[in-house]
Amino acid sequence: MAENSIPPEIAKLSFEDALAKLEKIVRQLEDGQGKLDDAIKSYERGALLKRHCEAKLKEAQAKVEKIVLGPGGSIGAEPADLD
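Using numbering that gives the first Met the number 0, you'd call the opening residue of the sequence shown number 0 and step up by one each time.
Treat each hint with caution, since some may be false.
[To be verified] DSS-like cross-link-like pairs, simulated, lysine-lysine; straight-line CA separation at most 25 Å:
id : residue 1 : residue 2
1  : Lys49     : Lys34
2  : Lys20     : Lys57
3  : Lys49     : Lys11
4  : Lys65     : Lys55
5  : Lys23     : Lys11
It is worth saying that the hints were derived from the structure and are not from the lab. No experiment lies behind these values; they were computed from the predicted model shown.
Start from the sequences, fold in the hints, and give me the full structure.
Right under this line is the structure:
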């Protein structure tokens, strides 16, 4: 797997689901009750979840930035070019 790629099981998660999984990992790591190898694997998964959440937020920000005022002050939206 390339360094920047996100595994499909993470990529399909919504922002909210990914954030919930990330929060669970953080709580487990803060608890410090697991084995070192498990903690390392959890940290790596957490890093992937964090990157996925950041990408989802960036995508949402791009969509919000595309909202424009139309003729007569009506609010419209332009499709975001995310590529």
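Going down the list of hints, with the structure as the test:
1. Lys49 to Lys34: holds (22 Å)
2. Lys20 to Lys57: With a Cα-Cα distance of about 19 Å, the restraint between Lys20 and Lys57 holds, given a limit of 25 Å.
3. Lys49 to Lys11: holds (14 Å)
4. Lys65 to Lys55: holds (16 Å)
5. Lys23 to Lys11: holds (18 Å)
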